[in-house]
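With the sequences and hints as input, model every part of the structure.
Residue numbers (the working numbering), protein chains in the order written: chain R, 1 to 409; chain L, 410 to 888.
There's no promise every hint is true.
What the hints assert, rightly or not - Listed below are the simulated DSS-like cross-link pairs for lysine-lysine, each with C-alpha atoms no more than 30 Å apart in a straight line:
id	chain 1	residue 1	chain 2	residue 2
1	R	LYS13	L	LYS654
2	R	LYS75	R	LYS237
3	L	LYS657	R	LYS13
4	L	LYS591	R	LYS25
5	R	LYS192	R	LYS181
6	R	LYS204	R	LYS32
7	L	LYS783	L	LYS699
8	L	LYS812	L	LYS834
9	L	LYS793	R	LYS13
10	R	LYS25	L	LYS493
11	L	LYS880	L	LYS834
12	L	LYS699	L	LYS834
13	L	LYS591	R	LYS318
14	L	LYS486	R	LYS25
15	R	LYS365	L	LYS486
16	L	LYS812	L	LYS793
17	L	LYS649	R	LYS13
18	R	LYS291	R	LYS372
19	R	LYS372	L	LYS649
20	R	LYS365	L	LYS654
21	L	LYS654	L	LYS493
22	R	LYS194	R	LYS205
23	L	LYS486	R	LYS332
24	R	LYS194	R	LYS113
25	R	LYS237	R	LYS194
26	L	LYS649	L	LYS828
27	L	LYS591	L	LYS654
28	L	LYS828	R	LYS4
29	L	LYS649	R	LYS365
30	R	LYS372	L	LYS591
31	R	LYS32	L	LYS591
32	L	LYS793	L	LYS828
33	L	LYS793	L	LYS834
34	L	LYS493	R	LYS365
35	R	LYS201	R	LYS291
36	R	LYS75	R	LYS181
37	R	LYS192	R	LYS237
38	R	LYS4	R	LYS75
39	L	LYS649	R	LYS25
40	R	LYS332	R	LYS237
Just so you know, these hints were derived from the structure itself, not from any lab.
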Amino acid sequence: MIEKLGILADAAKYDASCASSGTTKRNSSGGKGIGSTEGMGICHAYAPDGRCISLLKILLTNHCVFDCHYCINRKSSNVRRARFTPQEVVDLTLSFYRRNYIEGLFLSSGIVKSSNHTMEQLVEVARMLREEHDFRGYIHLKTIPEADPELVHQAGLYADRVSINVELPTDAGLVRLAPDKSARQIEGAMGKVKSDIVEAKDAKKRFQHAPRFAPAGQSTQMIVGADAASDADIVGKASRLYDSFGLRRVYYSAFSPIPDASAVLPLKRPPLIREHRLYQSDWLMRFYGYKPAEVMQATEADGNLPLDIDPKLAWALKFRERFPVDVNRAPKEALLRVPGLGVRAVQRILASRRHRTMRLDDVAKLTVSIAKVRPFIVAADWRPVLLTDRADLRALLAPRQEQLELFAA
Amino acid sequence: MSAPFRDMRLAHTFNVTLPESDDFDFWRERARALVQCEVPPDRIAWVEPGSSGDLFSHGDRRLPVPPADAPPVRASKAFVQLAKSAICHSEPERFALLYRLLWRLQTNPRLLEDGADPDVRRLDELARTVRRDIHKMRAFVRFRLVEGEAHGEEHYVAWFEPEHHILRANAGFFTRRFANMKWSILTPRGSLHWDGQVLEEGPPADRSDAPAGDAAEDLWRKYYASIFNPARLKIGAMLKEMPRKYWKNMPEAALIPELVAGAQARESQMVAAGTLDMGERPETLAAIDKAIHACRMCPIGLLDNNAVMGEGPRDAALMIVGEQPGDQEDESGRPFVGPAGQLLDRHLERAGIDRRSAYVTNAVKHFKFVQRGKRRLHQSPTAKEIDICRWWMEGELAIVQPKLVLAMGASAARGMLGKTVSISKARGAPMPLEDGSELWVTAHPSYLLRLDGPAREEQARLFDADLAAVKERLEELAG
Ligand code: SF4
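Rendered as structure tokens:
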């Protein structure tokens, strides 16, 4: 058992998602089993790679009949293989949950026998947890786009969240690196999940007892750096996915060197900082009101976001005529564009300025680093006349290179 | 309000002792009355249970009774919410801070919106810290299973050390989540017991009251060790969210040092598998040369650089080890051709050592740098990188088998010894190596380049003395 767990958890480590938030509130009072969700998920531990552990994230099996080049479980790879029975996954989940190690389960799988067979097994785990054990914690199922839509539908009835990986940012990349997959099929499955979610929400409004369907929505994951797609391609793809399928999240996973890597892949791994910049651009779109086209404007000639500065600063440096912004008068949308001002800081500035005329000092108290903000704002006692025209502004504001995450060991 | 009442108020200080450290309702009731009696903040000492509260030990314990026509006390919802959290903080000043804010709210009802006000900021900070502690308790409590007397009776017990008075505030979470389980949470500040129906509070506990282990922990540790991606070690990010103070009660945390240490190896396995067989060391210098160009065992190999192999006679009696190639070495593919190399050549010549008779190499085979505009600035390798790269230098040592190794600088010495030594202490005398040869340590010539004036002269003299001693020793060994 312990060996299997090692193999099947190791195989799941390339999944970027581990979130367990955003589902309906529930608890186990009045039930027979255990579990609760209270909106925000809890990270029960952090791994040495800095990522949070909130779910038991494992594969049902790492046997696979597909041969995707970037995937460690592909048919032609010679990793050690293992396979759980649904019962074993159920027992493990409950045993970990009772000890408060986890928020729930994130289950995915290599494809064994057939897509349908595999999907049936995934659904069976969720069914046992919910129906036989009255488990009320979080369940995330990674569904298999090639499976019968009816099975994917069942997954959504038991799970809080379902995800379907788009795998690669471009169709060409998919054709080259995942010969067994089809973009049409993947997007078709996403579309079906979306309409199921919408339908279930609608039914809920009309009948109180309508079954819930993936209340935490659907998400997807894209591998970054395995093909030649630029950041502009990736951001474009992500925003199309958000729009067409109402996704909660798009996760990015910097391509990791994998044992026995296929010769089709790049030898070097992309810097992790690239993945970080993509997440930052995602935040800009989700919380700061940037349009995808604006994020793309922040990229450099090669279509990639700069690595040495964050995308918000990159955008501001390109559109200097929009600055400085007056912290005492500017509307929220303009303040949100100031590099170094987060959503929280903007809220606090808006509240505080009703009570006082903000001086640079007051702003400093509400932000993490005033140095970054200063060139872009006007305050009662501050006006950065020359700074925004300075040619070396970027160099002044770029963080020292030693901070590169690659070396943060 | 009548004049005599006001006089009495000015003459008095009050001493309010709280029954429990986190008793918000008690505090609210007293604070309300005190505000209505217009007792200013500096006249009240709020005393935590169990502490002496010697701030005004003569303070009156009987509190004034508010006049019947006193105006109601105003407090925004936001304040009440923040105060409920902040009161759980272990900071003794919290009651006074809350009172001061409540006092100020009477004349400025929108005070809390002013994020730049010091009291408001402090309140925010206390509340935030408490919320974080509450959250960390929900995350890091680890239950252990105790089998009861009756067969099948299961009781889960956890030991936790919260930093603030949050146990009571957190009870609801655990009863909602583990409603159908019997459990106890023991802490040094008190304990909670849930039998599936009723929650009871108990006295402070001792760590030894809690079970020491649980059969599921091995599985959990296995999971913890397997789920992270060793190619992306980010220890800082981990520590930020899971500070060391929590580690001692988390069974998986004991693995961390080992996992971190092993991560490079695991990563290098991941990277090297398929391109390089790490099991066997190349047996010729040419094979090492080829292998280091493909090496990605440490992050330096992922930079845009070339590897630089050592050079010199295969049977040299003297091996000279530097730190790592620099910009010019990287470009030319040869060791010690840049400014430091030229300086080394001059000193070697002065000592009468023929560079061409020595095997010259570096502890680290790739150039580590940061890009600044067009320039690539040298960066020192970390101890871990040196230790990884030793694999290659050991290969060179095994083939060349020098009688004497001269390590220049701390990095080179670390490469040879696997531990860090102080150059000033280690220089001037030989250290025996396992294979029977000996190691001499001196400064790195680039160190001399960074000095000027008398300091440089002094170091140059020491460097010459080291080289002279090496020369002498080489002759002895040859003799
Ligand atoms: S510096 Fe050494 S260990 Fe690191 S990649 Fe280069 S040869 Fe390998």
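Check your understanding: Checking against the hints above, which ones are violated?
Key -> 12, 13, 28, 30
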